[in-house]
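Quick mapping for you: the protein sequence lines, in order, are chains A and B.
Reminder that position 14 of the first sequence reads as 14 in the numbering used here, one-by-one numbering, no gaps.
Reminder that position 137 of the second sequence reads as 137 in the numbering used here, one-by-one numbering, no gaps.
If you are wondering where the hints come from, they were derived from the structure by calculation, not from laboratory data.
Just to be clear, a hint being listed does not mean it is correct.
[As the list claims (entries may be wrong)] Stretch-level coverage of chain B by chain A, calculated; a stretch enters the list once three of its residues show a Cβ under 8 Å from a Cβ in chain A:
(1) 112 to 122
(2) 142 to 153
[Unchecked claim] Computed Cβ-Cβ distance ranges for the label pairs, DEER-style:
(3) A/Val-57 <-> B/Pro-101: 42 to 50 Å
(4) A/Tyr-26 <-> B/Thr-107: 27 to 35 Å
(5) B/Tyr-147 <-> A/Arg-25: 33 to 41 Å
(6) A/Leu-18 <-> B/Glu-17: 40 to 48 Å
(7) A/Phe-17 <-> B/Thr-107: 20 to 28 Å
[Claimed, not checked] Not the full set, but computed from the structure, chain B residues with beta-carbon under 7 Å of chain A:
(8) Leu-46
(9) Ile-47
(10) Gly-63
(11) Gly-64
(12) Pro-127
All C-beta atoms in this analysis are idealised placements derived from N, C-alpha and C, irrespective of residue type, glycine included.
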Amino acid sequence: MINLGVLMSVTVAWRPFLDPLPIDRYWLLLIFPLVLAIAVVYKAVKIPHPGLAVMTVQSLKLAGQIVGVLVAAAAVLLFLTEIIGL
Amino acid sequence: MTKSQAGQTSEKKSTPEPGMVPIYLGLTWLCPGLGHVLMGDVRRGLILGITIWSLFLSGLLIGGVGVVDSKLNRAWFLGQLPNGPAVILAVVRGKTMMANPNAKVGTDSYLGTPDVPNDYEPSFGRPNEIGILYTALAGLLNLFIFYDVFDRGTYGHRGSQESAQEASA
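For reference, chain A alone in the conformation it holds in the complex:
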């Protein structure tokens, strides 16, 4: 259950763009908007006539591929460092 008192004290004190956001617990999730932005920009440049439908499909596809490669790279590094112990 959300403690409204704590929530109020954080939101009232927080000044957008001047104070950092408390994202220490969720920082890894912020990879998704980052990857999506890269995919959207790349596809907006490459697609001849960027319509909503084609941009959505192509961008999500590319973003998925990038996330997939990142996960695979992380798995390989985890295997090398934690399991083999290089």
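Fit chain B to the given chain A structure using the hints.
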């Protein structure tokens, strides 16, 4: 790829003049996406502009204005440099928001002291890292857009068939 798959519309585009390319590039630096809009590619310009601005503002929202710092994060600032608003922000922040703008980097007074604080809260750890990453990536993606503006402005809009082949690759 068929015509409908490529999202092709009957939108008429003006042919950009090669002599105007430096102006388009300058406007792209100042406001990402504006170069494309002025070249007549409004939809592409809006998509690129909204994406780059969202990324940049998200970075500032996460880490605060302190993430754009030409002295403290010099290497990352090179990545932020292709984004005009980042440079403007760095100048404004240094001139108006710092309590001790002439303080040396590495000293406490540079980040603000309890007695004389800066007008913003400096970020540390993950918020700082993510904020810097977002803003630097917005700059680097704008660099990619510079290339596209130069390409389209100099050689004109490429044929649909050629571009469609590139898009499907």
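Each hint, compared with the structure:
no., hint, in the structure
1, 112 to 122, "holds (count 3)"
2, 142 to 153, "holds (count 3)"
3, A/Val-57 <-> B/Pro-101: 42 to 50 Å, "49 Å, holds"
4, A/Tyr-26 <-> B/Thr-107: 27 to 35 Å, "32 Å, holds"
5, B/Tyr-147 <-> A/Arg-25: 33 to 41 Å, "38 Å, holds"
6, A/Leu-18 <-> B/Glu-17: 40 to 48 Å, "43 Å, holds"
7, A/Phe-17 <-> B/Thr-107: 20 to 28 Å, "25 Å, holds"
8, Leu-46, "9 Å, violated"
9, Ile-47, "4 Å, holds"
10, Gly-63, "5 Å, holds"
11, Gly-64, "5 Å, holds"
12, Pro-127, "4 Å, holds"
Hint 8 from the list above is the single one not met by this structure.
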